[in-house]
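Trainee: Listed here are the chains, written in short residue letters.
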Amino acid sequence: ATQSIRHFWWGNPTRDERTFKVIEMFQGSHPDIAVQGETIGWGDYWTKMATQTAGGNMADVIQMAHTYIHEYVQRGGVVPLNDYIGNGIDLSHYDAGANDIGTMGGDLYGINIGATCPSIPYNKRVFEEAGVEFDPLAWTTDDFAAACEKITSSTGGAVTGSEDMSLYMETFEIFCRQAGVDFYSEDGELTMTVEQVAAWWQMWKDLRDAGVVEGKDATVQLDKGMADLGLIRGTTATTFRWANQTGALQGLMQDPLGLAIVPQRAGLQSGHFVLPSMFLCLTRDAGDIPAALAYIDNWVNDEETIKVLGIDRGIPPSQKGRDILAPQLNETDAMVVTFFGETQSQILSTPVIGPKGSGEVRDSFMRTGTEVVLGNMSPQDAADQFIHDAEGILIRASR
Amino acid sequence: MRKFFRRNTAGYVFLTPWLVGFFFLALGPILVSLYLSFTRYDMVSAPVWDGLGNYRYMFEYDRRFWKALEVTFTFVAFSVPLRLAAALGVAMLLDKGLRTIGVYRAIFYLPSLLGASIAIALLWREMFGLNGVINQVLAMVGITGKGWITDPDTSIYTIVVLAMWQFGSPMLIFLAGLRGIPRDLYEAAEIDGTSRFRQFRRITLPMLAPVIFFNLVLQTIEAFKTFTSAFIISNGTGAPADSLLFYTVYLFNEAFKFFRMGYASALAWVLLLIIAAFTALAFATSKYWVHYENERD
Amino acid sequence: MAGLTLRNVEKSYGALTVIKELNLDIHDGEFLVLVGPSGCGKSTLLRMIAGLEEISDGTIAIDGKVVNDLPASKRDLSMVFQSYALYPHMSVRKNLAFGLQNLSMPKAEIARRVDEAARILQIEPLMERKPRQLSGGQKQRVAIGRAIVREPGLFLFDEPLSNLDAELRVQMRVELAALYERLKTTMIYVTHDQVEAMTLASRIVVLRGGKIEQVGTPEELYTRPANLFVAGFIGSPRINMLKATVSGGQAKMADFAAFALPDLGTRDSELTICVRPEAIQLGGGEVQAEGKIRLVEYLGAERLVHIDLASGQRLLFHAQGADSHRAGESVTLGFDRADMHFFDSSEQRVEPALAEVA
Amino acid sequence: MAGLTLRNVEKSYGALTVIKELNLDIHDGEFLVLVGPSGCGKSTLLRMIAGLEEISDGTIAIDGKVVNDLPASKRDLSMVFQSYALYPHMSVRKNLAFGLQNLSMPKAEIARRVDEAARILQIEPLMERKPRQLSGGQKQRVAIGRAIVREPGLFLFDEPLSNLDAELRVQMRVELAALYERLKTTMIYVTHDQVEAMTLASRIVVLRGGKIEQVGTPEELYTRPANLFVAGFIGSPRINMLKATVSGGQAKMADFAAFALPDLGTRDSELTICVRPEAIQLGGGEVQAEGKIRLVEYLGAERLVHIDLASGQRLLFHAQGADSHRAGESVTLGFDRADMHFFDSSEQRVEPALAEVA
Amino acid sequence: MKTNVIEQAVIADPDARLAHEIKERQRARDKRARLLKHLFLVILSFVMIYPLLWLVASSLKPENEIFGDLGLWPSSFEWSNYTEGWNALPVSFTVFYKNSAIVTVLSVIGNLLSCSFAAYAFARLRFDGRTFFFGLMMMTMMLPYHVVLIPQYVLFLELGWVDTYLPLIVPRFLAADGFFIFLMVQFFRQIPRELDEAAMIDGCSPFKIYWAVILPLSLPAMGTAAIFSLIWVWEDFLAPLIYLNDVQSYTVPLALRMFIDQEGQSAFGQMFAMSVLSLVPVLIFFVAFQKLIIRGIATSGMK
Ligand SMILES: Nc1ncnc2c1ncn2[C@@H]1O[C@H](COP(=O)(O)OP(=O)(O)OP(=O)(O)O)[C@@H](O)[C@H]1O
Ligand SMILES: Nc1ncnc2c1ncn2[C@@H]1O[C@H](COP(=O)(O)OP(=O)(O)OP(=O)(O)O)[C@@H](O)[C@H]1O
Ligand SMILES: [Mg+2]
Ligand SMILES: [Mg+2]
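Residue numbers (my numbering), protein chains in the order written: chain A, 1 to 399; chain B, 1001 to 1297; chain C, 2001 to 2358; chain D, 3001 to 3358; chain E, 4001 to 4303.
The hints are simulated quantities; they were obtained by calculation from the structure and are not laboratory data.
Keep in mind the model is a prediction, meaning the values are calculated, not measured.
Mixed in with the good hints, there may be bad ones.
Computed Cβ-Cβ distance ranges for the label pairs, DEER-style [stated by the list, open to error]:
#  : chain 1 : residue 1 : chain 2 : residue 2 : range
1  : E       : D4030     : C       : E2021     : 17 to 27 Å
2  : E       : D4030     : C       : L2016     : 22 to 32 Å
3  : E       : S4076     : A       : P327      : 43 to 53 Å
4  : E       : V4042     : A       : G375      : 49 to 59 Å
5  : D       : Y3013     : C       : T2223     : 42 to 52 Å
6  : C       : Q2133     : D       : R3224     : 44 to 54 Å
7  : A       : G375      : E       : D4030     : 52 to 62 Å
8  : C       : N2023     : D       : Y3298     : 25 to 35 Å
9  : D       : E3220     : C       : L2016     : 19 to 29 Å
10 : E       : I4049     : B       : R1056     : 30 to 40 Å
11 : E       : I4049     : A       : Q380      : 31 to 41 Å
12 : D       : R3119     : B       : F1200     : 40 to 50 Å
13 : A       : L348      : E       : P4281     : 52 to 62 Å
14 : B       : A1282     : C       : K2094     : 35 to 45 Å
Glycine residues also receive a C-beta, built at the ideal position from the N, C-alpha and C atoms.
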């Protein structure tokens, strides 16, 4: 090999296996390009990434998450790909708007390599046994509350209807968008409102007070891993997750899972959206750009590659991709793809990706929300404080 | 001049590996971190000089800094004495007699072997959770427990318990130390009609003082720097309600989650000063209670 | 106050038996001195009595009560360790006071006793020092002090004066004797110093290889050693030993003329005849030989004269004061029959029948 | 082989000066014995010579080369520590061989020397033991062994025989003398044993409080002590000291009749007159007094008779062999003028003018 | 016949009988005391060992049972977690173990050597600047390591050491871990100085004293240090995480981190199985080396 590139992603055993297979295949077809695959789990990935970035030693091609892409884009860690689209990388078959979220200020920084959407995975067995009947694609917050009540009472409280999602900012985002309010404006201003925040927390407080959602002990743990979810442990019937994680959830459970949308608010618009679960980015430190481009192009276009990758990283953001995969999907995956397809119609807009500091705002949201969960603050007061804090955070982050 | 060389050569020869390591590997990064503490540095772009900005923000505006200090001090105050006491107690128990003691030593060290792995985090949440083992045991004696680890008022103490439970390394050091106490002192004390307890207080403790001192200083330093257990148990967030926001967890998040390495460096140097103050205090008082048999001067 | 009874006491380290079937009665209030060659088991015996060393076999009773499994701390005794075993982290004063504090004695009384001991031991200026700041002899005195501040029923001293200068040793010896006079406690005292043994002991026990060779008053041991070992061991300079063959009531030693032997009640034809160096007479004595002075050792008050006899035997002569013998000089020497000690071939003392002493 | 020169050597621990302005020349091949009361600085001096103790002031030269800052390991000497300092983790054999291995000596030679030392010290059966399995005297012998296997230019012995029994001590003393004879190396030897000092020394140094009181051959020290301290320190049993007032050529001691004093070349009217216990004569002597026997100490070969005089003065009389005095008896005692040692009021020896000795 | 005689003698001799009885009584009492102590230790042991039991149990459970069911006993034993876990990652655990072994063995050797060197200097030798450097050494332990991570990374990057084992191993040969230096200093200071002196008299250079006297006499401390440094290096994941890029060069703890994906498919069962296995070498080493710790060396060559 005369050229060499490094590809760095966060993974797990299956994903790593698939990715290394892809690399192997790529090298088979491109004997002049050596690819070094580098991988580690999610949590450690970002520490290592930051260190490599600081050292000027980033891998040529990296996997990005929507929660972090802004940080790297704004600081120049990843480079725009505009010049290479159609000129090295062929994205012509991509769904319209599939790369919107990877585009900032008109430049494309991250190529969508798997789309996902918000979802409420639910324990089918529990729902059925409790006799809950609902339309997973069109239920409302009232249906949701009723379902929770039914489940909780029918199991005598052994299983509560739902996890208390008041601290899930992702779920709140849909709630917000249902009212037509996005979190941030295009230029990074905070646009979410005190009212929406208060209403959100109030809604959950009511459910909590009714005793139909999981208790505060489970709630105040933040950023729970799958292993800690009530859904997995059998103590609640639903949670919030990105749809592409359904397979992973199902692997840890015995009961079958179903997927529902985040409940609608009666009379308001849909807040549903899709976003890339992962991006591929070209970094500032990339040495051999043509080789990297060849690699990326192969990744999004090569049929065999798409087959090997499966929907592990999300649903292919192109009909071509989805068609290639359709025959090989297992039951759960098929359900996910179906769900993804069926909810397309509910997408009204794409959310704006958060500015620098949005991660910290999310932390602040969870922290302040905790006070509400613990009963130390009223939803309204907490909402006031959160918005105040969030503004401060954004100001500090923008310096 | 020759005298100077004669006096110093051996010392510096033995110190060479450390000196090389210190000057070539450690000092640079330390100084850089000091420099960074006066800058804004997001790790992607170049650092920007900010004077005392970080420090000013820390002391004037940063509520979470103070919270982190509070959490950390609470932890240090409880965990260090408890852990040392547990370690010393068990070490004393294991010091003599009993043929099977090797097995116990291994068993008691196990928790420390497991360190702060994901398994421990899961387990700890389970044990101290609402329906955890602890509450089941408490229920047996008629006490209704609570979610110890999820209640901001008590969560820190579960970490203290964790620290105490992982007393393996100080225990091992105590064991090694106990072995160094000349047996004839106990014989003399026996002859002097000394009770076991007084032997412990008047012979064991003072003779073990250098080792106790070591453990005290090191455990204090380590306790101030505690990171992994709190980080893993709180999923890196310091939750619930920042009650597990250990100083280094906060520092880590500032650095690697929020890209404020400059601020994190400032935090680090403040922590260093705090630890240094405590260590200096320990060293200063040591001459009153740590006896080195062999010091000439 | 305590009497001690040792019955069939044994001590082994693995296969090595250090104390063998030892039987000994120590009377209440006795000053017993233990002597014996290096490594014979003196310290071990002391440590067993103290309760520091497990007894492999037999029983030890204090005041008639078997104490085999009584811990040292309950035996009410104090001990000066051969290795001092001072508490390195305590000042001299604290070292001395430590044992007393265990008795929860009033502070003033502790201070009084400690000061008294310090005065006796002449370590008053050293009271605030740590043991490592002391000279060997000073340490040893602190070790003695630690034992004497307490007034237990039994004192055990393991070579307590070995590192003191002659003058101090005499003073300390006198102090210990005074202490003994005052308290009349049982004392067991190990020493290599013959003067100490002789002057302090009410009885001396001679130990060899873990066995008792003889027990008796100093005078008994000196004048009537029970066997050749005791004869050689007690007395400095060492007793002269001469081989003799007996035939027909006559004894013959190389270099000496044969002489009539009193009835010794033994059939052995090989005897050992011992004569103390101070019993040798130059130019006199009932049994005489010719010799040549090999070496004159100067000891201040006296001289030790080493004399070679023709057969190669060597005799030691303890010469008094003004004596002007020189090495190389030829002399006639002799001794009286009354000064002879007789030992049979099994090295046991044999006593001449009284009537027959000429 | 090494000669040593000490010039104005001082040693202080903080404010405490332990060795003061010490000057001493030790000749090459000399056997120098260091004596002095406990804590006078003997060990310290030895350690300074060895290079283990920093010298606060002054210079030490070995063979004319100043060695103040030469490390101990380069001084080519061996030392027996007062505290033995055996390597606890090594067997006796390894303890002995250790120093030799540092010299990269052939294995066979090491083994030979170690075996030889073991034989001399009678520790052959102990060779595989660790120090903690040895008795005190055995440890001490190992410590000696460690010093003698090497054959350095200078030997330093710090009370090497203090924990051995009398017999062994004599044997070891003879062995050390033989070693000295064979190697003719400089030896510096600290002891509290007068016999050792007297028999081994080519010269004795008497140290007190870190200062040299007198240096001389054993005979010089015994017969002409330079001052009252040396007189009292050398000689066992201790010399008798009597206060005397001088007037008009006559000296008067309490209890004794006045007698004519030779010219002492001093104007002091207060003198101290010393008489060795063996110079006392019962019923004889030029100067006489009446006394009462307080105590007779039995020492085997001789007796120590303590006599009270009317004024309360006490005299010690060293009685030879067959002596039948009893406590309580009244006696007349005396001594000759030739046996008197005179010391002036500053405790320095004064010598009677030769001509005037009657 | 012979035993009979002895028995008779025992019965006949009251002292011997008494001695016999006493021994029996003492034995009984010792036994009781021992039993009590054991009981206490056993209970404590259970508390201490519980997490390991849980870990082992979890490693044997089917994936979907690990979190749903809190009992220790698996419904079926999934030994496949072990067999499959070993090869679940792109690189076999055989390689990870080999990598870990290389890094660990070299690191432990480096640590023990270099730290004991420095400790010897600090504890035993006098030189100008000793206190100053000791203070600096202590200081290096106080700075949270996260803030020097990046400068250090840059340094090693400059040296071209990234993606090699050098950043993991070289610092250990340069006494980078103050913990061990300080630990050894405290133990070295306890060794009677007279032994150094005796060795000096025996013609030892400072190095020989260190090697032949100080080291063997600090076996308990060295054993402790060996155990700690082995365990810590074996379990260390931060440095390997930062400095190793190639999966082929990953160490075991890094490999264990590859099983868990917060956001996706995880293999908890296999991760637990491999975690259990990763403890095995450490435990073996612990059991082997703790003997050093308890075989204390009585400093009894001293008076
Ligand atoms: N570290 C120290 N600090 C203060 N004083 C000390 C120290 N070491 C020794 N000394 C004092 O120095 C003096 C001389 O001690 P050294 O050990 O030389 O005495 P020594 O003549 O050998 O006595 P001994 O015959 O008892 O062994 C003693 O009075 C002792 O108390
Ligand atoms: N732990 C042990 N293992 C084996 N033998 C030992 C042990 N301790 C002592 N001994 C041996 O037991 C014998 C008696 O030792 P002890 O200390 O009683 O002698 P000692 O009479 O006091 O001699 P010394 O006069 O030399 O002090 C010695 O020969 C010694 O070597
Ligand atoms: Mg002894
Ligand atoms: Mg001394």
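Trainee: None of the hints should be skipped; say for each whether it holds.
Mentor: Here's how the hints hold up against the structure:
1. D4030/E to E2021/C: 17 to 27 Å: This hint holds: roughly 26 Å between Cβ atoms.
2. D4030/E to L2016/C: 22 to 32 Å: holds, 24 Å
3. S4076/E to P327/A: 43 to 53 Å: violated, 32 Å
4. V4042/E to G375/A: 49 to 59 Å: violated, 43 Å
5. Y3013/D to T2223/C: 42 to 52 Å: Because 51 Å falls inside the window, the suggested range holds.
6. Q2133/C to R3224/D: 44 to 54 Å: violated, 37 Å
7. G375/A to D4030/E: 52 to 62 Å: holds, 58 Å
8. N2023/C to Y3298/D: 25 to 35 Å: holds, 27 Å
9. E3220/D to L2016/C: 19 to 29 Å: Given a distance of about 49 Å, which is not inside 19 to 29 Å, the answer is violated.
10. I4049/E to R1056/B: 30 to 40 Å: Between I4049/E and R1056/B, where Cβ atoms are some 50 Å apart, the hint is violated.
11. I4049/E to Q380/A: 31 to 41 Å: violated, 50 Å
12. R3119/D to F1200/B: 40 to 50 Å: holds, 47 Å
13. L348/A to P4281/E: 52 to 62 Å: holds, 57 Å
14. A1282/B to K2094/C: 35 to 45 Å: At 24 Å between Cβs, range violated.
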